Every structure is written in C-alpha cells, then in structure tokens.
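K.L.:
Sequence:
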Amino acid sequence: MKITEFLKHNYRHFNAAALIDAAEGYKAHLDNNGKMMVTLAGAMSTAELGISLAEMIRQDKVQIITCTGANLEEDVFNLVAHDYYERIPNYRDLSPEQENDLLERHMNRVTDTCIPEMEAMRRIEDVILEEWVKADQAGEAFFPHEFFYKILLSGKLDKSFQIDPKNSWLLEAAKKNLPIIVPGWEDSTLGNMYAGHVISGDIKDVHTVKGGIQYMMYLADWYTNNAKEDSTVGFFQIGGGIAGDFPICVVPMLHQDLQRDSIPLWGYFCQISDSTTSYGSYSGAVPNEKITWGKLGINTPKYIIESDATIVAPLVFAIVLDQ
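Numbering of the sequence shown is given in our numbering, commencing with residue 152 and proceeding in unit increments.
In case anyone wonders, no lab produced these hints; they're calculated from the structure. Heads up, none of these hints are tricks.
Below, computed lysine-lysine pairings styled on DSS-like, alpha-carbon distance capped at 30 Å: (1) 361 x 317; (2) 379 x 178; (3) 317 x 327; (4) 307 x 361; (5) 153 x 327; (6) 379 x 327; (7) 212 x 317; (8) 307 x 317; (9) 327 x 178; (10) 307 x 327; (11) 379 x 326; (12) 212 x 379; (13) 326 x 361; (14) 178 x 326; (15) 301 x 361; (16) 159 x 317; (17) 153 x 212; (18) 212 x 326; (19) 285 x 307; (20) 327 x 361; (21) 326 x 310; (22) 212 x 361; (23) 301 x 327; (24) 310 x 327; (25) 307 x 355; (26) 212 x 301; (27) 326 x 301; (28) 178 x 212; (29) 153 x 317; (30) 285 x 301; (31) 327 x 212; (32) 326 x 285; (33) 178 x 317.
The structure displayed is predicted, hence computed values, not measured ones.
Take the sequences, apply the hints, and build the full model.
P.N.:
Have a look at this one:
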C-alpha cells in the first residue's frame with residue numbers, strides 16, 4: 152500500500168485529519184499555479200528532513216526556503232560527518248557528569264543526536280573560511296546561503312560525503328540555485344566562528360557576509376516578482392520562531408511600509424507546531440491571528456497541525472509527492 156493510501160485510510164480525525172487537509176491544500180495550491188515557501192525552525196536538518204525535503208526540491212514542490220542558521224549548516228554537517236554522529240536514545244536519563252563527558256569528547260548534543268565538533272563543524276569552517284577571506288579581500292559580499300552554495304558546488308567536499316548526496320536538501324537547493332532566506336544567521340555555529348574571524352582580523356569587513364536587513368530586501372524583491380493574483384505564494388511553516396516570523400512579515404511590510412497595495416497576501420498557510428496557544432508566543436498563535444497583522448486574508452486556506460514536525464512533515468511531503 153502506498154503511503155498516501157495508508158494515510159488517507161487511517162488518518163481521519165483530529166491532528167491526523169488536519170495533516171491530510173493541509174497536504175491536500177498544499178497540492179491544490181501548486182496545481183493552481185502557486186508557489187510555496189517552506190520554513191525550517193528547530194533542528195530539522197539534524198533530524199534528517201533532507202531525506203524528504205530534497206525530493207520536494209527536485210520535483211519543484213518548493214520554490215523558496217527560509218531557515219535558521221542552524222538548519223542551514225546542520226544539513227551540511229550531516230552530509231560530511233554522518234558516520235561520526237552518535238545517537239543517545241536514553242538522553243533523558245543523562246546525568247550532568249555524562250553531559251560533561253560528551254562536552255569533553257566535543258560531541259554537541261541535540262536531543263538524542265550528538266554532532267561531532269571536529270569532524271563536522273571545524274571541517275566546514277576550514278573550507279568556508281577560504282571563501283569568506285577570498286570575498287573579503289576582493290571587496291565582495293554574499294549571503295550566508297550563497298557561501299554554502301559556493302563550497303557545495305565547488306566539489307571540495309565531495310570526497311567527504313558520508314550520506315547519499317541526494318538526501319542533502321541544501322545540496323539539492325544549490326543545484327537549482329533556490330532562493331534561501333536565513334534570518335538571524337549570526338545565531339549559528341558558523342556565525343559565531345565568523346564573528347571570531349572578524350575579531351581576530353582574518354576578515355576585515357564584517358559585512359562580507361550579508362545580514363538580515365539585506366535578506367528582507369532580497370525577499371521583498373522576490374515576493375514582488377513572484378506573488379501574482381493568479382499565482383500566489385504559499386507558506387508552509389515547520390516550527391515557529393524567526394524562521395517563520397521573519398519571512399511572513401514581508402507582506403505587511405510591502406503593503407504598509409512601501410504602499411504596494413496590489414501585491415496579494417500569502418495564498419496558503421500551514422504550520423506544524425506543538426507550541427501551546429495562549430502564552431503570547433508567535434509559534435502558538437492560531438492562523439487567524441495573522442489576519443490582524445495583514446499577513447493572511449479571510450479566505451486564505453489555513454491549517455495548523457499540532458504535532459511533532461519530525462513525524463508530520465515527511466508524511467505531508469509524501470502526500471504532496473504522491474508516494
């Protein structure tokens with residue numbers, strides 16, 4: 152039985168039904184000539200969402216991605232150091248002493264998965280530093296994702312791949328030169344490394360890596376050129392935080408700050424989240440709240456799946472991919 156057939160037969164109520172509705176809405180949006188933004192919060196790259204997201208990119212089911220700096224880099228960490236990762240199923244039972252043992256072995260834990268500092272983070276630092284310095288010396292500036300595209304497409308890392316490269320969503324995005332927005336990139340391991348290299352003088356101009364305001368300007372241009380009345384842009388949000396809040400605000404910014412009233416609202420909205428509603432959090436806000444901010448309209452298809460994105464997102468993608 153196909154995954155989609157299984158899901159449609161068994162997933163009939165509550166969050167299970169919302170999953171089906173959201174996936175069907177995603178498909179309908181694309182079938183109506185729409186485009187889709189996918190946003191990645193949390194640690195979805197370390198959760199290896201690339202296995203399904205890369206296929207979505209290959210089949211043109213995603214036209215633009217917004218992600219945290221962590222998700223941008225952690226897909227590449229997994230690509231080059233997967234064999235050195237350690238999984239700790241009993242992570243809830245670890246004592247402070249056991250956590251410190253992981254620190255001393257340079258194993259940075261993300262829930263049940265430890266990322267090896269030397270094999271992953273430092274290996275990528277060495278390669279991307281060359282590109283940072285090269286651009287800095289030439290007086291050039293690029294976005295964080297563009298630097299990753301450079302090192303992935305250069306072939307310098309090919310011999311270090313430890314997973315099937317078709318399961319790297321960032322590599323697939325690089326091949327298509329997919330637009331990526333990375334708000335708050337400074338809040339990432341490589342962002343910290345970059346700051347260190349600026350402080351030490353290896354990089355002279357802190358703006359060699361472009362920042363968040365430039366990303367919003369880039370997104371404003373992309374949205375203006377791609378969102379049309381007969382071809383709107385949808386918003387598929389995994390988790391919350393800056394990965395979702397930053398890009399969705401481009402619409403009210405265009406309307407209210409630039410007075411571009413003819414640009415349509417987001418044409419589809421879905422969020423996968425387990426954040427509790429009522430604490431004033433963006434992640435926990437129900438979709439209708441976004442109407443009051445000028446992000447969504449009364450008739451915008453809206454879905455919220457209150458569940459674990461590591462379980463839900465691959466299933467939604469499976470339906471969209473007709474698997």
